Amino acid sequence: MLGNGLLQGLVVTARNFIRSYFDPERLTTVQYPEERVTLPENSRSFPFLVYDGTPDNLRCVACKICEQECPPQCIYIEVERDPKTGKPVRRPRVFDIDYSVCMQCQICAEVCPFDAIKMDQVYELAGTDRFGGMLHDKAALLKSNEYYHQIRPTEADEVDARLSQSKKKVSPPIAKPAAVPPAQPVPPKTDV
Amino acid sequence: MAMDESLKSELQKAGVFVTSIEQLYNWGRKNSIWPLQFGLACCAIEMIATACARYDMARFGAEVFRPSPRQADLMIVAGTVTKKMAPQVVRLFNQMPEPKYVIAMGACAISGGPFKEGYNVLKGIDRYIPVDVHIPGCPPRPEALLHALITLQKQIEQDHLTGKRKLRAYDREQKAEWLVPAYGEHDLEPPRNPEVWKPEPQVRPEAK
Amino acid sequence: MIQPFTTPESGYTLIPKEGAIETQTIEVSMGPHHPSTHGVFRMDVVLDGEEVKRLKPVFGYLHRNHEQLAEKMNWLGSIPFTDRLDYFCSMSNNWAYCHAVEQLAGIKVPERAEYIRVIMAELTRLINHSCLAGFLLSDAGAWGTPLLYAFREREKILDLFESVSGARMMCNYMRFGGVRADVSDDWLACARKVVENYPRFLDELEALITGNEILLARTQQVGILPRELAINASVTGPMLRASGVDYDIRKVDRYGIYDRFDFRVPLGEVGDVYDRYYVRILEMRESVKILQQALRDIPEGPFDAGVKMRNFKVPAGDGYGRIEAPKGELGFYLVSDGGTRPYRYHVRAPSFINLTILEDMCLGHKVADVIVILGSVDIVRGEVDR
Amino acid sequence: METLNQIKDRIEAAVPSVRLAIEGRSLVVDREHLLEVARFLKNDAELAMDYVSNLCAVDWLPRKVKVKEGGQDVEKDLPGFLEVVYDFYSMAKKHGPLQLRCRTDGREGMLSLPSITPLFRGAEFQEREAFDLYGIRFKGHPDLRRILMWDGFKDFPMRKDYQQPDDHEWEPTPHDEVLQQAKKHWPAPSAAPVKPA
Chain D
0 MLGNGLLQGL VVTARNFIRS YFDPERLTTV QYPEERVTLP ENSRSFPFLV
50 YDGTPDNLRC VACKICEQEC PPQCIYIEVE RDPKTGKPVR RPRVFDIDYS
100 VCMQCQICAE VCPFDAIKMD QVYELAGTDR FGGMLHDKAA LLKSNEYYHQ
150 IRPTEADEVD ARLSQSKKKV SPPIAKPAAV PPAQPVPPKT DV
Chain C
0 MAMDESLKSE LQKAGVFVTS IEQLYNWGRK NSIWPLQFGL ACCAIEMIAT
50 ACARYDMARF GAEVFRPSPR QADLMIVAGT VTKKMAPQVV RLFNQMPEPK
100 YVIAMGACAI SGGPFKEGYN VLKGIDRYIP VDVHIPGCPP RPEALLHALI
150 TLQKQIEQDH LTGKRKLRAY DREQKAEWLV PAYGEHDLEP PRNPEVWKPE
200 PQVRPEAK
Chain V
0 MIQPFTTPES GYTLIPKEGA IETQTIEVSM GPHHPSTHGV FRMDVVLDGE
50 EVKRLKPVFG YLHRNHEQLA EKMNWLGSIP FTDRLDYFCS MSNNWAYCHA
100 VEQLAGIKVP ERAEYIRVIM AELTRLINHS CLAGFLLSDA GAWGTPLLYA
150 FREREKILDL FESVSGARMM CNYMRFGGVR ADVSDDWLAC ARKVVENYPR
200 FLDELEALIT GNEILLARTQ QVGILPRELA INASVTGPML RASGVDYDIR
250 KVDRYGIYDR FDFRVPLGEV GDVYDRYYVR ILEMRESVKI LQQALRDIPE
300 GPFDAGVKMR NFKVPAGDGY GRIEAPKGEL GFYLVSDGGT RPYRYHVRAP
350 SFINLTILED MCLGHKVADV IVILGSVDIV RGEVDR
Chain Y
0 METLNQIKDR IEAAVPSVRL AIEGRSLVVD REHLLEVARF LKNDAELAMD
50 YVSNLCAVDW LPRKVKVKEG GQDVEKDLPG FLEVVYDFYS MAKKHGPLQL
100 RCRTDGREGM LSLPSITPLF RGAEFQEREA FDLYGIRFKG HPDLRRILMW
150 DGFKDFPMRK DYQQPDDHEW EPTPHDEVLQ QAKKHWPAPS AAPVKPA
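Chains as they are written, first to last, in numbering that gives the first Met the number 0: chain D, 0 to 191; chain C, 0 to 207; chain V, 0 to 385; chain Y, 0 to 196.
One or more hints might be untrue.
Non-contacting residues of chain V with respect to chain D, defined by C-beta distances greater than 12 Å in every case (computed) [to be verified]:
| # | residue |
| --- | --- |
| 1 | 154 |
| 2 | 165 |
| 3 | 294 |
Some chain V residues close to chain Y (C-beta under 8 Å, calculated; not the full set) [what the hints assert, rightly or not]:
| # | residue |
| --- | --- |
| 4 | 66 |
| 5 | 67 |
| 6 | 198 |
| 7 | 200 |
| 8 | 232 |
| 9 | 345 |
| 10 | 347 |
| 11 | 352 |
Sample of chain C residues with no beta-carbon within 12 Å of chain V, all distances over it, derived [claimed, not checked]:
| # | residue |
| --- | --- |
| 12 | 16 |
| 13 | 22 |
| 14 | 26 |
| 15 | 114 |
| 16 | 141 |
| 17 | 149 |
| 18 | 164 |
| 19 | 185 |
| 20 | 197 |
Hint data in this document are derived by calculation from the structure and do not stem from the laboratory.
Being a predicted model, the structure only gives us computed values, none of them experimental.
Backbone N, C-alpha and C define an ideal beta-carbon position, used for all residues, glycine too.
Using the sequences and the accompanying hints, generate a full structural model.
Structure representation (structure tokens):
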């Protein structure tokens, strides 16, 4: 009969409509600002730098591997130099990531041999300022190991175990506290 | 007339709502932003996903995607703007009625993103049109787009209709048309619109 | 009497038709901003009334120089860029590129990784085909509903992708010689659940639209692509099979481990829009079959071949590797000079080449049919222009 | 499928005065006989290469190649040229690939190759792309226009020596070439760093 298929389709939509009142399968809307999708542990947004204990004790040694490997080349690192001798110290003076270019590919975190750079899960970064808000410097990128444990418990535990094992083999050089403040302080981001 | 905020909240507790025409007008505008149905690349798929059931942009009154620029308030530049596409984007923006807003969604729209070294890729749509909200990400999650929409709504709330700080759209002396670039022999002409794109001279100090 | 005239931009002459009623041919530029051109695609259409007399596709509005960027980048760095080629099917793009590199470098992929790849590629096929059904029906006038249903199912699969790879769309999951991260048993259980429920969604989708009289009227006998022309124009994928050519690279090349699975290749008879739609529905059912087998048989073992990704080098030479992506044959032609970056990197994009035949399919049809025919080709701009 | 040597012998028998060479996995065909070779591959009952899967251009800059001559490695200068690579498959027989290569004389001036679009419609857009990005003119192509770039564009951007227009913009994270380019635009390095507001 002509119109049979049409009616059949209408039955499907009607069934969906009615079941959306009690069946969570049919009512999938997440009321975003009030409730959020629980992100899986692997979920990634932008890179951040991990520090142990205090922000001075960051894991990054400014080896520039991530800078070389970053496909869109959005990482910029300068090695800190000892003010007296002029020799490079194993820590970054400048560490900038341009979030307006970053493609969230996770390659920096993958190639880092020191487990210093990891992927964050924050996605609410919309802002009105293209340069100031999107360019994140070392101060903005540093986050604690506790925070890392909070977002990725399993992975962080593995990393800790690995690091403590390698620490037993070679004790790393004690990083000096930062003498020079970050070259380009970014104004605190206004989270709107 | 401006009203004391504390008095207003006092009255609100008593069940009296006081508002100004400006606030009422902005309240109406912010809750019925009609975006232009305009997808350029990957981010457009996340934009569609935002409009679909799970994230449901309709909760913000912004689900009415208009195919015609004449009926749209908001242009979501979702994806890479190539040099070949840039004149069309600017033309569409010119055709939108004031007051109009632009969200640059994703790394490509902000700065060219991962593709910025390409010979046919525009390094950010803000070379030609003014952008109100930037969303980093490649692509941003649908929630990030919703967050940007809320950001824009807050911005609209604070728009002024009169006075010194009034919105550009209500200022008759301001220009309403933006320059549409032309295809040149090697590049777009001009490669950027100096009236819109005014980056300050920036230098990174050489490593000592 | 209307004089023939040449438009300076297109360079072709429009000749008015002589007859009882004097009609005028008009040239319409559909796109690049058009709600149903699947992105920034433009067609220069010459119309006589409503009838299409000539149609020239115009490309390049999303030409992002993927190939040139890849030639400036190391081998690993191109993998996240392949995600952005066909942005519905990032997993199969990853696979195609890794497959080509593995062929060139002679890397053997462990068995578990092969299974994971098959699972990801078939899930991608489910996403692609169900979204295509939604978009095609949107183009045909069923605005909204089928697309909403398709995206609802897509979210379930995207959740699976996100929990294993970290991202919803741009997974960047496969690596030379394997995959980046292993899948857990919990993940496999979730995937089994999604796959088990998928036929129910397909039944629902079919009940919603397949029998719909309006859809039948809009799609049957529209945009017929004859078998010989399809082969000659290098059309691949479901579009080719809808024209009745039995050519599926999963069966022909038997790349990966596809020879272990029991599945059929659905073929169309007429080669019209309806066949192209229905072949895809049937392909999804076959994909579900493959997925069930793969999720059942997946062995334990290593998930990558232990290839070092940093400073990865490929021996000098060239090679062409191809896989059956959801849209057709996705191939990568790579030339290596033995260094850390490819000397030449070329993507053979299925939907770009499938568009070769668009004009032939549209001629003589009404302008509204052009949209439906274009929808049935299943293009994605990221891949067409690259 | 037959071996490359067998195919070469059969083509040489069928197409008179053709010059073929085997390089790696592919057959290098001379320009004049490309169309005839393609026609032979398509019509031959045993090969039945009815499907041209991939067509792409490669830009070879002048380079030095090590060649063995009399047991010794000799460095030879190889002139630059543009090359088009064709991958043929057979849908009827389900075999393949057969790779053909065809080369231009040098890299400068009007470079042309015969078009195979009259035989294989599938090559139409791919040849247009090779023309657009590499500047190879395909003789006999029905509609050879730019496909990806706009019509007024003058350069061939995929060539290895293509120079992008100097389109400088301050990039916070410059590297390699971008850094060199950016330095031209920078004021003296002693200038104080300016942070955008």
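Structure-based check of each hint:
With a minimum CB-CB distance of about 7 Å to chain D, residue 154 (chain V) fails to clear the 12 Å threshold, and the non-interface call is violated. For residue 165 (chain V), the requirement that its beta carbon stay farther than 12 Å from each beta carbon of chain D is not met, with the minimum near 4 Å. The claim that residue 294 (chain V) is not at the interface with chain D holds, since no C-beta of that chain comes within 12 Å of its own (minimum 19 Å). Evaluation of the residue 66 (chain V) hint against chain Y yields a held restraint, the C-beta minimum of about 7 Å falling below 8 Å.
Because the smallest distance between the Cβ of residue 67 (chain V) and any Cβ of chain Y comes to about 6 Å, under 8 Å, the interface hint for this residue holds. Because the smallest distance between the Cβ of residue 198 (chain V) and any Cβ of chain Y comes to about 30 Å, over 8 Å, the interface hint for this residue is violated. At its closest, the beta carbon of residue 200 (chain V) sits 33 Å from a beta carbon of chain Y; the interface hint therefore is violated under the 8 Å criterion. Because the closest C-beta pair between residue 232 (chain V) and chain Y is about 4 Å apart, less than 8 Å, the hint holds.
The interface hint given for residue 345 (chain V) is met, as the beta carbon of that residue sits about 4 Å from the closest beta carbon of chain Y, less than 8 Å. Against a cut-off of 8 Å between C-beta atoms, the interface hint on residue 347 (chain V) holds, since the closest Cβ of chain Y lies about 4 Å away. Proximity of residue 352 (chain V) to chain Y holds as hinted, the smallest CB-CB distance being about 6 Å (cut-off 8 Å). At roughly 36 Å, the least C-beta separation between residue 16 (chain C) and chain V is larger than 12 Å, which holds for a residue marked as non-interface.
No beta-carbon of chain V is positioned within 12 Å of the beta-carbon of residue 22 (chain C); the least distance is around 34 Å. Every CB of chain V is more than 12 Å from the CB of residue 26 (chain C) (nearest about 28 Å), matching its label as outside the interface. Residue-level check failed: residue 114 (chain C) sits 5 Å from the nearest beta carbon of chain V, not beyond 12 Å. Listed as outside the interface, residue 141 (chain C) is inconsistent with that label: its C-beta sits roughly 9 Å from the nearest C-beta of chain V, within the 12 Å cut-off.
Chain V leaves residue 149 (chain C) outside its interface by the beta-carbon criterion, the shortest separation being 20 Å against a cut-off of 12 Å. For residue 164 (chain C), the requirement that its beta carbon stay farther than 12 Å from each beta carbon of chain V is met, with the minimum near 33 Å. The non-interface label for residue 185 (chain C) is consistent with chain V: the shortest C-beta to C-beta separation is roughly 15 Å, beyond 12 Å. No beta-carbon of chain V is positioned within 12 Å of the beta-carbon of residue 197 (chain C); the least distance is around 27 Å.
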